[in-house]
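Enquirer: Top line first, the protein sequences correspond to chains A and B. Start counting the first sequence at 9; every next residue gets the next number (our numbering). Start counting the second sequence at 7; every next residue gets the next number (our numbering).
Take the hints with a grain of salt, since some may be wrong.
[Claimed, not checked] Calculated cross-link-like contacts (lysine to aspartate or glutamate; reagent style EDC-like; alpha-carbon spacing at most 16 Å):
id, chain 1, residue 1, chain 2, residue 2
1, B, 135, A, 100
2, B, 250, B, 140
3, B, 176, B, 542
4, B, 466, B, 555
5, B, 66, B, 140
6, B, 135, B, 67
7, A, 18, B, 334
8, A, 92, A, 19
9, B, 466, A, 97
10, A, 16, B, 542
11, A, 25, A, 111
12, A, 11, B, 542
13, B, 406, B, 187
14, A, 18, B, 555
15, A, 25, A, 99
16, A, 106, B, 555
17, B, 404, B, 67
18, A, 18, A, 65
19, A, 15, B, 542
20, A, 11, B, 539
21, A, 15, B, 539
22, B, 176, B, 187
23, B, 295, A, 19
Read the hints as simulated data drawn from the structure, not as lab findings.
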Amino acid sequence: MNKELVKKIKENPDYQKLASTRNSFAIKLSVTMLAVYFTFILTIAFNPSILGTPISEDSVTTIGIPIGVAVIIFAFILTGIYTKRANGEFDDLANKIKQSIKED
Amino acid sequence: MNRIFLFLILGTIAVFASGAIEGEIQKQDLNMSAIVMFLIFVGGTLGITYWAAKRTKSAKDFYTAGGGITGFQNGMAIAGDYMSAASFLGISGLVYLKGYDGLIYSIGFLVGWPIILFMIAEPLRNLGKYTFADVASYRLRQTPIRSLAASGSIATVILYLIAQMVGSGKLIELLFGLEYEIAVILVGVLMILYVTFGGMLATTWVQIIKAFLLLSGATFMAVAVMAHYDFNFGALFSHATELKGIKIMSPGGLVSDPISAISLAVALMFGTAGLPHILMRFFTVSDAKEARKSVFYATGFIGYFYILTFIIGFGAIVMVFQNPQYLDMAKQAIDGGYPILGGNNMAAIHLSHAVGGDFFLGFISAVAFATILAVVSGLTLAGASAISHDLYASVIKKGKADGMAEMRVSKIATVVLGLLAIIMGIMFEQQNIAFVVGLAFAIAASANFPILFLSMYWSKLTTRGAVIGGSLGLATAVILVVLGPIVWVDILGNAEAIFPYKYPALFSVTAAFIGIWFFSITDSSHNAEQEREAFEAQYIRSQTGIGAEGASEH
Chain A
9 MNKELVKKIK
19 ENPDYQKLAS
29 TRNSFAIKLS
39 VTMLAVYFTF
49 ILTIAFNPSI
59 LGTPISEDSV
69 TTIGIPIGVA
79 VIIFAFILTG
89 IYTKRANGEF
99 DDLANKIKQS
109 IKED
Chain B
7 MNRIFLFLIL
17 GTIAVFASGA
27 IEGEIQKQDL
37 NMSAIVMFLI
47 FVGGTLGITY
57 WAAKRTKSAK
67 DFYTAGGGIT
77 GFQNGMAIAG
87 DYMSAASFLG
97 ISGLVYLKGY
107 DGLIYSIGFL
117 VGWPIILFMI
127 AEPLRNLGKY
137 TFADVASYRL
147 RQTPIRSLAA
157 SGSIATVILY
167 LIAQMVGSGK
177 LIELLFGLEY
187 EIAVILVGVL
197 MILYVTFGGM
207 LATTWVQIIK
217 AFLLLSGATF
227 MAVAVMAHYD
237 FNFGALFSHA
247 TELKGIKIMS
257 PGGLVSDPIS
267 AISLAVALMF
277 GTAGLPHILM
287 RFFTVSDAKE
297 ARKSVFYATG
307 FIGYFYILTF
317 IIGFGAIVMV
327 FQNPQYLDMA
337 KQAIDGGYPI
347 LGGNNMAAIH
357 LSHAVGGDFF
367 LGFISAVAFA
377 TILAVVSGLT
387 LAGASAISHD
397 LYASVIKKGK
407 ADGMAEMRVS
417 KIATVVLGLL
427 AIIMGIMFEQ
437 QNIAFVVGLA
447 FAIAASANFP
457 ILFLSMYWSK
467 LTTRGAVIGG
477 SLGLATAVIL
487 VVLGPIVWVD
497 ILGNAEAIFP
507 YKYPALFSVT
517 AAFIGIWFFS
527 ITDSSHNAEQ
537 EREAFEAQYI
547 RSQTGIGAEG
557 ASEH
């Protein structure tokens, strides 16, 4: 990639839009995942008895079990959300940028 | 070439057959249905290897299966790499032993995946060709960066291989009644066959088939357990607590203090993003779109698998624990309690017998063996690629090696790594190897990941910073593991650990990042100037895929 091309792509509004929306989206999702996981793991480190609370009075099942399974499912859903948007919107933008280079 | 291949297949079968006969004489628990099913698996996968060998003509075929794997297939293969026998038997065994703690552990292994998708997968696919060092050295000096990245890769691969080989030898000894040495040699020889002849194509399909078998078997076990309780989780849990006490339903001692908790989380999360055999899989798909789908499917399969292992662990508590059939009487006589045959990691294996009899036990045993084979193949291929692509082609030949010579070096490297794995597997039989997987993750997190991540996102990174910081991370990880409780106290027999935490990653990863940062910003060489300037073009390619490897074919 030569200097002119770099300059040209950098000034392309589609590229600027792609880079900024994707980065902020990826950071938001990463922070969400980290926040959920660290809340979970630090609850265990500082106050494990919270997760040991039974679901109902006559049950041995603790709330830790549905919460743990929920963290797993949540991680999967986040990857789905990102993949859907990136494979649609972000790839469309990237293709538009590629097209604009070819045109000249 | 085909004749050599056939000869080796016959040789392998002969080794297996002679081992089987020998085992019959010496051991009582020779499992015929396991051996038959395993032979079917080996026959089938060698058939695939034969097919793949005919399609593996160039270096690109060898390293990346020609780049034509779909996102779904690659997701399955990635999940297969991650669902090793150690994680299947280890996590279900941990649930069996401690209940809820097993779930905490498996969640830690999973949450790295979304981060890999959001931050790593796409730039990796867009910038790299065969190995993650392609990306790390994209705008930095080839020789030092490739050497360091290859060292990190080879160290991770060898540690992982030792753990897998020793585990496999013991498992096969127990399941099939084969001698330990024969088991280790068998795994090593089959793995060399898959990788040298079939390259990434065979390795990927072996991994996909195994992942499918493992997920099917685990699903059957979990469903069988739940059917026993009319699909009522409350009933399963309450029966389990009657046997093992209420404590199995809450967090136990796995993560006791915040530092250990965070350090373990850092090791698992960043370690996953620095495992060379996992990173290499992103080059087998055609573009970033398929790379993203790979992680989506992989996360789904792995998450599903961990939920299954949780049910399987509890199933083992109710069906295996205190069941006289699986009780190790000799051990009980000494230690008391209810030890099971082969130790806690055999919980899932015994459960397969409890729910499906000898036939299903045979199936799960064969799947466990297949799992080991598939995982060591992926590891060896990644190690061989680091040697041939990073060290031979880029460092020694300065990027001027031709594809055929490079491929030949990687095949030689595969054979050498395979033999090394066999030798070390036999050497380490009686050693306490509990620390090696932890060390592999610590190195991956502290040396591989920081360099890879900063090379993608930080414009001010320079060669000097990456080399000094990465080496610092690598050294810190190794030193802290040696000074920590597992090696210093449990293995070397000292009274007190110099470094008090089991997981060094929090400290070693921090050391790496600070080292890289400091030695990059203070680097005022002309070279560093050029490296900073080159970031812009690299970043555009990583974001858009313009100029990416393989993209032109579409």
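Enquirer: Take the hints in turn and mark each one as holding or not.
Expert: Outcome of the hint check:
1. A hinted pair counts as satisfied when its Cα atoms are at most 16 Å apart, and residue 135(B) with residue 100(A) does not qualify at roughly 24 Å.
2. Between residue 250(B) and residue 140(B) the CA atoms are separated by roughly 51 Å; this puts the pair beyond 16 Å, and the hint is violated.
3. Restraint check for residue 176(B) and residue 542(B): not satisfied, since their Cα atoms lie roughly 52 Å apart, outside the 16 Å limit.
4. Between residue 466(B) and residue 555(B) the alpha-carbon distance is near 25 Å, which puts this suggested pair outside the 16 Å criterion.
5. For the proposed pair residue 66(B) and residue 140(B), the alpha carbon gap of about 14 Å is at most 16 Å, so the pair holds.
6. Note on residue 135(B) and residue 67(B): the hinted pairing holds, with a Cα-Cα distance of about 12 Å set against a maximum of 16 Å.
7. Between the alpha carbons of residue 18(A) and residue 334(B) the distance comes to roughly 68 Å, so the proposed pair goes past 16 Å and is violated.
8. With a C-alpha separation of about 27 Å, the suggested pairing of residue 92(A) with residue 19(A) is violated against the 16 Å cut-off.
9. Distance restraint check for residue 466(B) and residue 97(A): the Cα-Cα separation of roughly 30 Å exceeds the 16 Å cut-off, and the hinted pair is therefore not satisfied.
10. Pair hint residue 16(A) plus residue 542(B) holds up; C-alpha atoms about 12 Å apart against a cutoff of 16 Å.
11. Straight-line distance between C-alpha atoms of residue 25(A) and residue 111(A) comes to about 20 Å, which puts the hinted pair past the 16 Å bound.
12. Of the supplied pair hints, the one linking residue 11(A) and residue 542(B) holds, its CA atoms being roughly 10 Å apart against a limit of 16 Å.
13. At roughly 41 Å between alpha-carbon atoms, residue 406(B) and residue 187(B) are farther apart than 16 Å, so this suggested pair is violated.
14. For the hint linking residue 18(A) to residue 555(B), the alpha-carbon distance of about 21 Å lies beyond 16 Å, and the restraint is violated.
15. Straight-line distance between C-alpha atoms of residue 25(A) and residue 99(A) comes to about 12 Å, which keeps the hinted pair within the 16 Å bound.
16. At most 16 Å may separate the alpha-carbon atoms for a hinted pair to count; residue 106(A) and residue 555(B) meet this at roughly 15 Å.
17. For the proposed pair residue 404(B) and residue 67(B), the alpha carbon gap of about 22 Å is over 16 Å, so the pair is violated.
18. About 61 Å separates the Cα atoms of residue 18(A) and residue 65(A), which puts this hinted pair outside 16 Å; it is violated.
19. A distance of roughly 9 Å separates the Cα atoms of residue 15(A) and residue 542(B); the hinted pair therefore holds under the 16 Å criterion.
20. Distance check on the hinted pair: residue 11(A) and residue 539(B) sit about 10 Å apart at the alpha-carbon level, within 16 Å; holds.
21. A threshold of 16 Å between alpha carbons decides the hint, and for residue 15(A) with residue 539(B) the separation of about 12 Å falls inside it, so the pair holds.
22. Only pairs whose Cα atoms come within 16 Å are accepted, and residue 176(B) paired with residue 187(B) is accepted, the gap being roughly 9 Å.
23. Only pairs whose Cα atoms come within 16 Å are accepted, and residue 295(B) paired with residue 19(A) is rejected, the gap being roughly 25 Å.
Comparing the model with each numbered hint stated earlier shows that hints 1, 2, 3, 4, 7, 8, 9, 11, 13, 14, 17, 18 and 23 do not hold.
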